[in-house]
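Q: Residue-level listing of the chains:
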Amino acid sequence: MNLFVANPVLIGALTTVSLLAIGILYWIKPPPPTVVVSSSIFWTRLLSERKKSSFIDRLRWLLSLIMALTIAILLTTASGAPELFSSEKSEIENVTMILDNSGTMATFTADGSTRWDRAVRVARSFLTEAHPSAEFLILDTSGQLVSRTTTNKWEALEVLEELEVSFGNNVHFPVFTVNEARTMFISDGVSSIDVPPGIEIISVFEPAENVGITSLSINPGLSGLSASPRGLVQVTNGSLTTKEVSIRVSGLGDANTRVSLTLDPGRSGLSDIDLSGFDGGPLRVSVTSVRDAFAEDDLAYVIMPSSSKYTVTLVTSGNLYLETALEAMSNVNLLLMEPEYYDPGISTDLYIFDRFDPEVLPSKPTVTFLSAAASLPQIFNQNIVTLNSLERHPVLRGVTLSDLRIGQVSNPSFLDENSQILWGDAQNPLLVVKDFDTKEVQIGFSLEGSNFPLQPAFPIFLSNSIEWALENDLPNVSSPGRVRIPLANATVVDLEGVSVETSYFDGTTMFLATAPNLYSVHQGVDRFWVPVNLTNLEYTLVNRSDLNTETATGMSLDSSDGLGGEVKPILWKLLVLMALFLVTLEWVTYHRRITV
Amino acid sequence: MPPKETLFDDDFLKKLEYLNLMSKQMVPGHLHGEHRSKKKTSSGIEFSDYREYVSGEDTKNVDWRTFLRLEKLLLRTFEEEADLPIYIFLDSSASMNCGKPSKFDYARKITAAMCYVGLLNQDRVNLVGFNDGVDNQLSSRRGKSQIWNAFRFLEAMTTQGSTSMAQSFRGFFSSRRRRGLVVVISDFLDPAGFERAFDMLRHFGQDLLAVHLYETEERDPSLPDEVMLKDAELGNVERVKITPSLMKAYRKVFDAHSEALEDYCKKNGWGYVTTSTETPFEDLILQVFRQGRFLK
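Residue numbers (the numbering used here), protein chains in the order written: chain A, 1 to 596; chain B, 1001 to 1296.
Incorrect hints may have been included.
[As the list claims (entries may be wrong)] Have a look at the derived ranges for each label pair, beta carbon to beta carbon:
| no. | chain 1 | residue 1 | chain 2 | residue 2 | range |
| --- | --- | --- | --- | --- | --- |
| 1 | A | ILE22 | B | ALA1260 | 25 to 31 angstroms |
| 2 | A | TYR590 | B | ARG1239 | 18 to 24 angstroms |
| 3 | B | ASP1220 | A | LEU19 | 26 to 32 angstroms |
| 4 | B | ARG1239 | A | ILE22 | 21 to 27 angstroms |
| 5 | A | TYR590 | B | ASP1220 | 18 to 24 angstroms |
| 6 | A | ASN152 | B | ARG1239 | 25 to 31 angstroms |
| 7 | A | ALA21 | B | ASP1009 | 25 to 31 angstroms |
| 8 | A | ASN152 | B | PRO1244 | 49 to 55 angstroms |
| 9 | B | THR1158 | A | TYR590 | 19 to 25 angstroms |
| 10 | A | LEU59 | B | ARG1239 | 14 to 20 angstroms |
| 11 | A | TYR590 | B | ASN1136 | 38 to 44 angstroms |
| 12 | B | GLU1262 | A | TYR590 | 36 to 42 angstroms |
[Said to hold, decoys possible] Restricting the straight-line Cα-Cα distance to at most 20 angstroms, the calculated cross-link-like pairs of lysine to any residue (SDA-like) are:
| no. | chain 1 | residue 1 | chain 2 | residue 2 |
| --- | --- | --- | --- | --- |
| 13 | B | LYS1241 | A | TYR590 |
| 14 | A | LYS309 | A | PRO197 |
| 15 | A | LYS573 | A | GLY80 |
| 16 | B | LYS1241 | A | LEU59 |
| 17 | B | LYS1248 | A | LYS309 |
| 18 | B | LYS1267 | B | SER1174 |
| 19 | A | LYS439 | A | PRO344 |
| 20 | B | LYS1252 | A | TYR342 |
| 21 | B | LYS1072 | B | ARG1051 |
| 22 | B | LYS1241 | A | ARG230 |
| 23 | B | LYS1241 | A | LEU47 |
| 24 | B | LYS1248 | A | ARG45 |
| 25 | B | LYS1241 | A | TRP61 |
| 26 | B | LYS1248 | A | GLU244 |
| 27 | B | LYS1248 | B | SER1276 |
| 28 | B | LYS1248 | A | VAL596 |
| 29 | B | LYS1230 | A | LYS573 |
| 30 | B | LYS1241 | A | PRO32 |
Rather than coming from a laboratory, the hints here were simulated on the basis of the structure.
As the structure is a computational prediction, the values presented were derived from the model and not from experiment.
Every residue gets a Cβ at the ideal spot worked out from N, C-alpha and C, and that includes glycine.
Can you build the whole structure from these sequences, using the hints too?
A: Quick look at the structure:
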């Protein structure tokens, strides 16, 4: 049998200090109290007779000292959580333990804990009962642990405590060097993770009920085109039973509305909610259903653009596409102006210059369709697929162009140091934005020389450009995880006003959104919202697992497959019990004057 | 102004009256001054014995009727009728100051009570305070009126010094003293022992009544496991580890001391009473009366 302790050096030091303390206490005792007696003649007579029995006194003292020392040694040894292992088993297994900490692991189970809690419990049980000489590598599916160094069981337990569920999209099976170690994967089997063959899978899956928001939008990029703002909320029932779902949208002040749905298992329902009663600004959308086990997808935020109208002055010699598109926008008061009547000082919110290069720029935001200066050597042909992410500029949000053909481009001389080319390059800048004193959108090709006005995305692009230039653009919606904002040195606070740690890289600000929330981003006097929502079908369908409640490898959750020799985890308890017994014995013997 | 606390208050005086009454009931025939002397004299009222006539003696007590019958000259002797003195020795050594109430206060009450009864019996009462010698004394007094002097004397006494009964008895009886009853009220914690001192009393022909006082804590002290014991009289300090067996042995030694005192007194035909300071002093006095030595 071998004895292992968590930290032998610490235990040794602790034992030495305890023994020294006991020794000092025994040798340096405070003087006993003085009692005045009538006469010491009897005592003197007695003591002179008793000198013969001083050996017994020394024995009593020695017995007392031995008991105290034994108690100290037992307690200090027990504090090191010692374990007794049989040395008969020759092979000690090293283990690579991978924990699935994707979002669905936050789903609650019937016993009130989450799947993640169960996973940690299983892992901890394995580690606690493992052979002390075994080496462990703990990894996760969200990339929280980057170290690939093996540790002993106690360090592995500490690493385990650092892990938490991540709601980001970057879920993958970790890459590590495959060795002869036993490899286990503890998961609920919901996330789409490709598990290599030969891995022991331990399931912590348990069916749960969940209804969540899987999509949320407010007519993205079309707010100016519709008659009244509408919110589209897609709700999915991830439960195994039919659910009555209540959707509640609440905005600033007392504005709120409620919609109910009945959803069959695995089905999604789309609610088109009239938002005309809302003034704009942040909206909170929540769904409620009975016994919902996954809360993170029950809440989502969206920013509703302001519903106020603004005046747009179109300076053009005549452009049917532009005039038609602008007149169709319900929130635009269109003012047409011939180039020779151009006045930079009129009362308007925004100017749109169509093939007109004014000598005096207005102090208002502008959208400029530049004159074609040259034909492209070959027809520019490209498909642009929108990506609803922060990397995509708001002007291009929701813009999907297929088979765009551009024949003529303008002179790139309009570019300056404030220009940001969103599309094209320095020789052929097709779309440029400037955000200096006033915002400018410059389109570097002729509408007539392209099929852009015929594209369905043209009015969306035009609306995006106006909204962005007027700083009324829809904020980008992000998912939990690392969020990048195209602003340098911005500060971020969450809905509760708690400041979020940020980092800056290449003119952008990044922060980690651990859970759905509505973040407020500040840069100087500028401020905008960043909703972070977990509107992801992969998370809402919490029962989409290939695993059973039993482990995939047939192992029970509560049993431990020995990872080392025969475990005696109760040794420290025995030591404490022995110490307690000795303390009691010391107390009894002391009061019976057997020990001193 | 609050009344001055006194050892002998009204309650105490009432108890003395009660004790006096009890003394008369317990020894009904005794008369004032009727303590009989062991000395036989030729004068007196109560006949004692005959003895042979020695040439030169007064012939007035020759019993002529016996001479005519036996032809021997025999003299009639009578018991001497005298008021025998009572010597009350009160231990005023430092050891008597221990306990609550102190042994000394208790002893002073006993002394006062015995003095009171003695004076009412028309005995000559001597009060002697002693420690390592005779500390102070109130010379022979008689009559009830002397009780207040006795009270004042007792109240003025203090404890000090160590105990030496032998030296005290030698100092007191070295001057000519009449034979009488010696009452020693003490804890008898004399480093030199009591035997030599008692032998001295026997030598002087004194009768003895030993009143042995102790306090309960003295016999069953509650001491911590380890203690520095300081002698109240000598001031020496002894470090002692207290164990149950040691305490048992201590009690045995203590009891053996009391038994030795009692045996010694019995062997010499003397009286001995022992009590703790928790016993009401009047009970002790009644115990003394029952012994019959103090009241005859």
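Q: Evaluate each hint against the coordinates.
A: Consistency of the hints with the structure:
1. ILE22/A <-> ALA1260/B: 25 to 31 angstroms: violated, 47 angstroms
2. TYR590/A <-> ARG1239/B: 18 to 24 angstroms: holds, 19 angstroms
3. ASP1220/B <-> LEU19/A: 26 to 32 angstroms: violated, 39 angstroms
4. ARG1239/B <-> ILE22/A: 21 to 27 angstroms: The hint (21 to 27 angstroms, Cβ to Cβ) holds, given that ARG1239/B and ILE22/A are roughly 22 angstroms apart.
5. TYR590/A <-> ASP1220/B: 18 to 24 angstroms: With a Cβ separation near 21 angstroms, TYR590/A and ASP1220/B satisfy 18 to 24 angstroms, so the hint holds.
6. ASN152/A <-> ARG1239/B: 25 to 31 angstroms: For ASN152/A and ARG1239/B the Cβ distance comes to about 54 angstroms; the hint is violated.
7. ALA21/A <-> ASP1009/B: 25 to 31 angstroms: The hinted range 25 to 31 angstroms is violated for ALA21/A and ASP1009/B, with Cβ atoms some 58 angstroms apart.
8. ASN152/A <-> PRO1244/B: 49 to 55 angstroms: At roughly 53 angstroms between Cβ atoms, PRO1244/B and ASN152/A fall inside 49 to 55 angstroms, so the hint holds.
9. THR1158/B <-> TYR590/A: 19 to 25 angstroms: About 42 angstroms separates the Cβ atoms of THR1158/B and TYR590/A, which means 19 to 25 angstroms is violated.
10. LEU59/A <-> ARG1239/B: 14 to 20 angstroms: holds, 19 angstroms
11. TYR590/A <-> ASN1136/B: 38 to 44 angstroms: Since the Cβ atoms of TYR590/A and ASN1136/B sit about 50 angstroms apart, the hinted range of 38 to 44 angstroms is violated.
12. GLU1262/B <-> TYR590/A: 36 to 42 angstroms: holds, 38 angstroms
13. LYS1241/B <-> TYR590/A: holds, 13 angstroms
14. LYS309/A <-> PRO197/A: violated, 60 angstroms
15. LYS573/A <-> GLY80/A: Between LYS573/A and GLY80/A the Cα gap is close to 11 angstroms, so the pair holds against 20 angstroms.
16. LYS1241/B <-> LEU59/A: holds, 14 angstroms
17. LYS1248/B <-> LYS309/A: Outside the cut-off at roughly 108 angstroms; violated.
18. LYS1267/B <-> SER1174/B: Distance ~25 angstroms between LYS1267/B and SER1174/B Cα, so the pair is violated.
19. LYS439/A <-> PRO344/A: holds, 15 angstroms
20. LYS1252/B <-> TYR342/A: At roughly 129 angstroms apart (the allowed maximum being 20 angstroms), TYR342/A and LYS1252/B break the hint.
21. LYS1072/B <-> ARG1051/B: The hint holds at about 10 angstroms.
22. LYS1241/B <-> ARG230/A: Violated, at roughly 94 angstroms.
23. LYS1241/B <-> LEU47/A: holds, 10 angstroms
24. LYS1248/B <-> ARG45/A: holds, 14 angstroms
25. LYS1241/B <-> TRP61/A: Satisfied, since the Cα-Cα distance of roughly 11 angstroms is no more than 20 angstroms.
26. LYS1248/B <-> GLU244/A: violated, 86 angstroms
27. LYS1248/B <-> SER1276/B: Roughly 19 angstroms between the alpha carbons, so the hint for LYS1248/B and SER1276/B holds.
28. LYS1248/B <-> VAL596/A: holds, 18 angstroms
29. LYS1230/B <-> LYS573/A: This hinted pair is violated, its Cα atoms lying about 48 angstroms apart.
30. LYS1241/B <-> PRO32/A: holds, 10 angstroms
Figure legend: structure checked against the earlier numbered hints; hints not met, in rising order: 1, 3, 6, 7, 9, 11, 14, 17, 18, 20, 22, 26, 29.
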